[in-house]
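Peer 1: Place chain D on chain Y using the hints.
Line by line, the protein sequences give chains Y and D. At position 53 of the first sequence (counting the first as 1) the number is 53 in this note's numbering, and the numbers step up by one without a gap. At position 73 of the second sequence (counting the first as 1) the number is 73 in this note's numbering, and the numbers step up by one without a gap.
Quick caveat, the hints were computed from the structure, so don't treat them as lab data. We treat Cβ as the ideally placed atom computed from N, Cα and C, and that holds for glycine. Don't take every hint at face value.
As the list claims (entries may be wrong) - Quick look at which bits of chain D chain Y covers, simulated, 3 or more residues with Cβ under 8 angstroms:
| hint | region |
| --- | --- |
| 1 | 64-75 |
| 2 | 110-121 |
| 3 | 217-231 |
| 4 | 240-247 |
| 5 | 265-275 |
| 6 | 281-293 |
| 7 | 571-585 |
Claimed, not checked - BS3-like, lysine-lysine: derived pairs with alpha carbons at most 27 angstroms apart:
| hint | chain 1 | residue 1 | chain 2 | residue 2 |
| --- | --- | --- | --- | --- |
| 8 | Y | 582 | D | 555 |
| 9 | D | 174 | Y | 45 |
| 10 | Y | 582 | D | 589 |
| 11 | D | 67 | Y | 556 |
| 12 | D | 67 | D | 57 |
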Amino acid sequence: MNAREWLSHFARPYRTDGIIATVSSMLFAALILAPPALTRLLVNKVLIGHDAQWLWPLILAALGFSILRGVFMYAQAYLSERMGQGVLRQVRETLYEHLGSLSFSYYDQVQTGQLISRLTSDVEWVRMYYSNFYTQGANVLFQLLFVIGAIFILDWQLALALVLLMPFLAWLIRAFNVRVRPAFRAIRAQFAIMTTRLNESVSGVRVVKAFSQEGRVGAAFDHTLDDLFDQNLIATRLWATYFPLFDLIGGIYGVIVFLYGGWQAIHGLISVGSLVAIAAYALMLVSPLRQIGQVLNLYAQSTAAGNRLFELAQVTPMITAPSHHAYAPRKVQGSVRFDHVSFAYPGNDVPTLSDISLQIQPGHSLAVLGATGSGKTSLCALIPRLYDRTQGSIAIDGHDVRDWDPVVLRRNVGLVLQETFLFSATVFDNIAFGRPDATLDDVMKAARAAHADEFIRQLPYAYDTVVGERGVGLSGGQKQRIAIARALLIDPPLIILDDATASVDQETEAIIQSAMAHLLQGRTAVVIAHRLSSLKSADEIVVLDHGRIVERGQHKELLAKNGIYRNIYNVQYRDQELMGQKGELA
Amino acid sequence: MINRIDQDEEAVERPFDNAMFSRLVKYVLPYKRLMAWAIVSLTIGTATQLVIPLFTKVAIDRDILPKHFSGLVPLAVALALVYGIRYASYRAQTYTISVLGQEVLRDLRSQLFHHIHALNFTFFDRIPAGKIFTRILSDVSNLNQLLSSGLINTLGNVLTLVGTIVMMLVLKPKLALVSFMVLPLLVILSTRLRRRIVERWRVVRRRTSVINATWAESLNGARVVIAYGREDYNRQHFGTLTADNFRVWLRAMALSALFGPAVDLAGTFGTGLVFWYGTTLYLNHQISLGLIVAFVSYLAGFWEPISQLGQFYNQLLVAMASAERVFEYLDQVPQVTNRPQATSWSERRGHLVFDHVTFSYSESQPVLKDISFEAQPGETIALVGATGAGKSSILSLVPRFYDVTGGRIVLDGKDIRDITVESLRKGIALVLQETFIFDGTIKDNIRYSRPDASDADVINAAQAVGAASFINELPEGYDTLVRERGSRLSLGQRQLLAFARAILANPTILILDEATASIDTSTELTVQRGLKTLLEHRTAFVAAHRLSTIREADKILVIDHGQIIESGQHDALLAARGPYWRLLSAQFKLEQSGGWFAG
Numbered sequence: 001m002n003a004r005e006w007l008s009h010f011a012r013p014y015r016t017d018g019i020i021a022t023v024s025s026m027l028f029a030a031l032i033l034a035p036p037a038l039t040r041l042l043v044n045k046v047l048i049g050h051d052a053q054w055l056w057p058l059i060l061a062a063l064g065f066s067i068l069r070g071v072f073m074y075a076q077a078y079l080s081e082r083m084g085q086g087v088l089r090q091v092r093e094t095l096y097e098h099l100g101s102l103s104f105s106y107y108d109q110v111q112t113g114q115l116i117s118r119l120t121s122d123v124e125w126v127r128m129y130y131s132n133f134y135t136q137g138a139n140v141l142f143q144l145l146f147v148i149g150a151i152f153i154l155d156w157q158l159a160l161a162l163v164l165l166m167p168f169l170a171w172l173i174r175a176f177n178v179r180v181r182p183a184f185r186a187i188r189a190q191f192a193i194m195t196t197r198l199n200e201s202v203s204g205v206r207v208v209k210a211f212s213q214e215g216r217v218g219a220a221f222d223h224t225l226d227d228l229f230d231q232n233l234i235a236t237r238l239w240a241t242y243f244p245l246f247d248l249i250g251g252i253y254g255v256i257v258f259l260y261g262g263w264q265a266i267h268g269l270i271s272v273g274s275l276v277a278i279a280a281y282a283l284m285l286v287s288p289l290r291q292i293g294q295v296l297n298l299y300a301q302s303t304a305a306g307n308r309l310f311e312l313a314q315v316t317p318m319i320t321a322p323s324h325h326a327y328a329p330r331k332v333q334g335s336v337r338f339d340h341v342s343f344a345y346p347g348n349d350v351p352t353l354s355d356i357s358l359q360i361q362p363g364h365s366l367a368v369l370g371a372t373g374s375g376k377t378s379l380c381a382l383i384p385r386l387y388d389r390t391q392g393s394i395a396i397d398g399h400d401v402r403d404w405d406p407v408v409l410r411r412n413v414g415l416v417l418q419e420t421f422l423f424s425a426t427v428f429d430n431i432a433f434g435r436p437d438a439t440l441d442d443v444m445k446a447a448r449a450a451h452a453d454e455f456i457r458q459l460p461y462a463y464d465t466v467v468g469e470r471g472v473g474l475s476g477g478q479k480q481r482i483a484i485a486r487a488l489l490i491d492p493p494l495i496i497l498d499d500a501t502a503s504v505d506q507e508t509e510a511i512i513q514s515a516m517a518h519l520l521q522g523r524t525a526v527v528i529a530h531r532l533s534s535l536k537s538a539d540e541i542v543v544l545d546h547g548r549i550v551e552r553g554q555h556k557e558l559l560a561k562n563g564i565y566r567n568i569y570n571v572q573y574r575d576q577e578l579m580g581q582k583g584e585l586a
Numbered sequence: 001m002i003n004r005i006d007q008d009e010e011a012v013e014r015p016f017d018n019a020m021f022s023r024l025v026k027y028v029l030p031y032k033r034l035m036a037w038a039i040v041s042l043t044i045g046t047a048t049q050l051v052i053p054l055f056t057k058v059a060i061d062r063d064i065l066p067k068h069f070s071g072l073v074p075l076a077v078a079l080a081l082v083y084g085i086r087y088a089s090y091r092a093q094t095y096t097i098s099v100l101g102q103e104v105l106r107d108l109r110s111q112l113f114h115h116i117h118a119l120n121f122t123f124f125d126r127i128p129a130g131k132i133f134t135r136i137l138s139d140v141s142n143l144n145q146l147l148s149s150g151l152i153n154t155l156g157n158v159l160t161l162v163g164t165i166v167m168m169l170v171l172k173p174k175l176a177l178v179s180f181m182v183l184p185l186l187v188i189l190s191t192r193l194r195r196r197i198v199e200r201w202r203v204v205r206r207r208t209s210v211i212n213a214t215w216a217e218s219l220n221g222a223r224v225v226i227a228y229g230r231e232d233y234n235r236q237h238f239g240t241l242t243a244d245n246f247r248v249w250l251r252a253m254a255l256s257a258l259f260g261p262a263v264d265l266a267g268t269f270g271t272g273l274v275f276w277y278g279t280t281l282y283l284n285h286q287i288s289l290g291l292i293v294a295f296v297s298y299l300a301g302f303w304e305p306i307s308q309l310g311q312f313y314n315q316l317l318v319a320m321a322s323a324e325r326v327f328e329y330l331d332q333v334p335q336v337t338n339r340p341q342a343t344s345w346s347e348r349r350g351h352l353v354f355d356h357v358t359f360s361y362s363e364s365q366p367v368l369k370d371i372s373f374e375a376q377p378g379e380t381i382a383l384v385g386a387t388g389a390g391k392s393s394i395l396s397l398v399p400r401f402y403d404v405t406g407g408r409i410v411l412d413g414k415d416i417r418d419i420t421v422e423s424l425r426k427g428i429a430l431v432l433q434e435t436f437i438f439d440g441t442i443k444d445n446i447r448y449s450r451p452d453a454s455d456a457d458v459i460n461a462a463q464a465v466g467a468a469s470f471i472n473e474l475p476e477g478y479d480t481l482v483r484e485r486g487s488r489l490s491l492g493q494r495q496l497l498a499f500a501r502a503i504l505a506n507p508t509i510l511i512l513d514e515a516t517a518s519i520d521t522s523t524e525l526t527v528q529r530g531l532k533t534l535l536e537h538r539t540a541f542v543a544a545h546r547l548s549t550i551r552e553a554d555k556i557l558v559i560d561h562g563q564i565i566e567s568g569q570h571d572a573l574l575a576a577r578g579p580y581w582r583l584l585s586a587q588f589k590l591e592q593s594g595g596w597f598a599g
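Chain Y with its partners taken away, still in its complex shape (with noise of 0.2 angstroms):
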């Protein structure tokens, strides 16, 4: 399959749509012929033969000739924007589709703002091929082909003179083309070095006053915007160079047709009608000619769209479901098992994790530590499996995650990652993520029991206050808490905090904990901590350093290690156990 057998089995539903649609604006371009005809005629006829008789039939024709042409006309908008929607919509539906079966590891590595304003332009685009290409294109040409025809069957000579200066018209609108496209593409480039430019200064901006760049910044933002404005004069020349020209050629036709045809209209060759009649015709030959850029252009920026889509739909899903028989359980206990794991995120050699081994068993907690880097976030992404791991095996109650289905064993697992993304939505909206039919108290419930509600209510509109980027700002430590109840929400059997409290202060951290200590009680945990209070009471901590576990066991034991957790420990205790030792403190 390729991107336009793709795309046209999105168009097929709509095809006779498509077909009407053609062949109306193939009857409009025949019917635009009769004004100047029927002027011929009043000339002719009524005016200079005298001849009053033909004078209300001329009008009412004029008049019937309009609504066939309304006619046409609308059946050629309507239908083909019909088809244009029905493809925009499928294409749209199917995207949207395939980019929610990608997993993280394709998040990492494209840009997301990006992504979007392209998806977003080049949808668009193949719409406007959908609902225009066809259209326009059939417009243009019969438009092109039946004037010439009218004026050739009026008078042959005109016509031919006509007809000579077109291949100039047409290197005049290719020449304009080829000039013009690399001027736009280099605007296209400088607006997005502007709109780059822009966009982080304006959300760095604390750090350009911090470092009192603001001189610095502005000015490089005036350069660019310098820059850009030279490009757009490039093309404003181009423009009032060119465009003004085809003007001048419907002018040059007018005069052409003004002596030669005047010239033959007096010596009684054409009738004076004819002459007046040809006249509008010719006038009528220029925006067709103007036309074929648009087309043309509508065509290949719509082809490379359609490739970039079609491009998009083809990224094949790291993770999928298993063909057949994926276990889904209807009650998850939530034992994990890691047996020689290795890991390295695609497109990487170096292994994030190498050789993990872990058991953890229904209801129990297992806590990870280790240096920035160490590995801790990946580990617990393979439990969910947003990644797939490179070497050992996985699995959750004894069934390897590759053999779950992936969104019931996602449903089972409640995630807090280390950085929070809200939905622009309401409170309740974010927290009821994971379970969207879930009532005002049992969000309130997950609030409460990740020590939230108390300041959910104390904003604007308490759970309906909408957050996120288009709402209100929330701190970094509010943010996790609603994190939290999102992950509470679920009743999931197995949690995994990632640094889930890092941005609270130490006393909201212990009473989120102790709020939530009873609710950890039968799930099983995995928690990522720095703090070691927040960590020394789980059923094994694993040391995590480069990607291996290099200690193991509880607390105490691996105090008795005297290894890094030892080492971290004296960092972080050290102090106050001995000032608790020497009774300086409460």
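Peer 2: Using the frame of chain Y, we list chain D on its own:
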């Protein structure tokens, strides 16, 4: 979720506001010459357009019907000349209007950009970056369209319309008046029908923006969607959106597609009127054949300007909404500015005094009350207290992110408001809890604080704070490209970069606001050493929770509800068994508690 995304949609249109409009027009005024050229070329272009049908009339009546070819030649030459003039004026017009537009666009964007960067933090606390971004991009370009092409084309349309009417009236008043009977029809079409069409398109636009926003949200939050297995639900939701979009679009199209045929029919009525009454007059020998032909072409020229005037009105309303938003930003007064007598902070020693400082973000709630303390050059001052006690507020007053509400801050003997903001901030480096990473290399990011620093300086800075080891492990070391989103730098690594950035600036005063909160302990071991280098010979203010950071401070300030409730050195404070002691004891108790698992 997501379905409520359209709740805070901003106004698309605003009624016409004279004051705002004249304020907008001021942006065009610096370009008087361009404006003059545009108007002159426009007027000439319009005039040529009005003259051309006259040629047809004269040719038919004077030369063709009486069969005088000799007269036709000079007429054709004149016509060619008119077309030549028309070409020149058209060209000048296209060029000047476009340049004018680009100039205004550049001015507005630049002004907004500079102005926004001069505003203080209160503004950025309130308004998300995304919103600012849209205003500088799309709102400004809406205004530009109005100011350049909008205004001048409107002038052109009015000229054309009036010119055509005058020409027709001059040529034959009776026939002209009869032809004008079609005008009300055209006006109704361009107002009533168009207004309804515009309304339907507005619905379409809003729905489309909901679709795009939903799409963006799903992609930005893709990780959460995957982690919660929400794909099916989201797909269904998206399906209803696209179905709805399909429906409203076709609804708009159903009406919109009527417009063209309606105009065609109205135009045909006009032609019919000219046919009918023109013939009557002609047969009574009151007008010539050429006149009828000329009238038919004048009438054909009516439609375009009327239609464009209708469009201009919509453009105007949209621009009013944009103008309101743009001016809202421009009207924000930068509160932190250089006083006229301000001088630069030349002799940097780092002696800082808070003298009965009070501060509030808004008038109602004081955040800091009567804060007084002194920091000697080179001292480290630790601020402790619960979240929200006011530690960050104290810290952000030092580089004047906000100005004090009462009292004063004296730096090396001078009120900081008498020091120029640039020189003040150049001598202060701060590391916040969250670090912003700019698009560029690691090197660029460190160098951000001192753009002229050499590579060696950058590497030294990274080594001093212990960032060098992770940087060296990156695929391209210091030249590795990083960006704000999508780069795999951990929070701790970002923080180390911020440290390197700070030390490179070689500041006299250093501010660390919970800077080590998201660094893990083993990284902190490395950072601690770097931190010592960082703190040496500098006045430092540190807000932190960790005892190890606090206890070595020369002075500890215990902050509670915006006040200093205790201050002194670690040992003395402990011995006093006051608030500091209670705070540490409470922390100690927390440490002893069970953490995530009820032990």
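Peer 1: All hints, please: hold or fail.
Peer 2: Structure-based check of each hint:
1. Check on the region 64-75 of chain D: 8 of its residues sit with their Cβ under 8 angstroms from a Cβ of chain Y, so the three-residue criterion for coverage holds.
2. Chain Y is given as covering the region 110-121 of chain D, and this holds because 7 residues of the stretch bring a CB closer than 8 angstroms to a CB of that chain, at least three being needed.
3. Evaluation of the coverage hint for the region 217-231 of chain D: fulfilled, as 15 residues show C-beta separations to chain Y shorter than 8 angstroms, against a requirement of three.
4. Under a criterion of three residues with beta carbons nearer than 8 angstroms to beta carbons of chain Y, the stated coverage of the region 240-247 of chain D is upheld, 4 such residues being counted.
5. Residues of the region 265-275 of chain D lying with their CB closer than 8 angstroms to a CB of chain Y number 7, which satisfies the three-residue condition for coverage.
6. Counting residues of the region 281-293 of chain D whose CB falls under 8 angstroms from any CB of chain Y gives 5; the rule of at least 3 is met.
7. Counting residues of the region 571-585 of chain D whose beta carbon lies closer than 8 angstroms to any beta carbon of chain Y gives 5, which reaches the threshold of three, so the coverage claim holds.
8. For the proposed pair residue 582(Y) and residue 555(D), the alpha carbon gap of about 23 angstroms is at most 27 angstroms, so the pair holds.
9. Simply put, residue 174(D) and residue 45(Y) have alpha-carbon atoms about 24 angstroms apart, close enough for the 27 angstroms limit, and the pair holds.
10. Pair hint residue 582(Y) plus residue 589(D) holds up; C-alpha atoms about 15 angstroms apart against a cutoff of 27 angstroms.
11. A threshold of 27 angstroms between alpha carbons decides the hint, and for residue 67(D) with residue 556(Y) the separation of about 118 angstroms lies outside it, so the pair is violated.
12. Restraint check: the Cα-Cα separation between residue 67(D) and residue 57(D) comes to about 14 angstroms, which is no more than 27 angstroms; the hinted pair holds.
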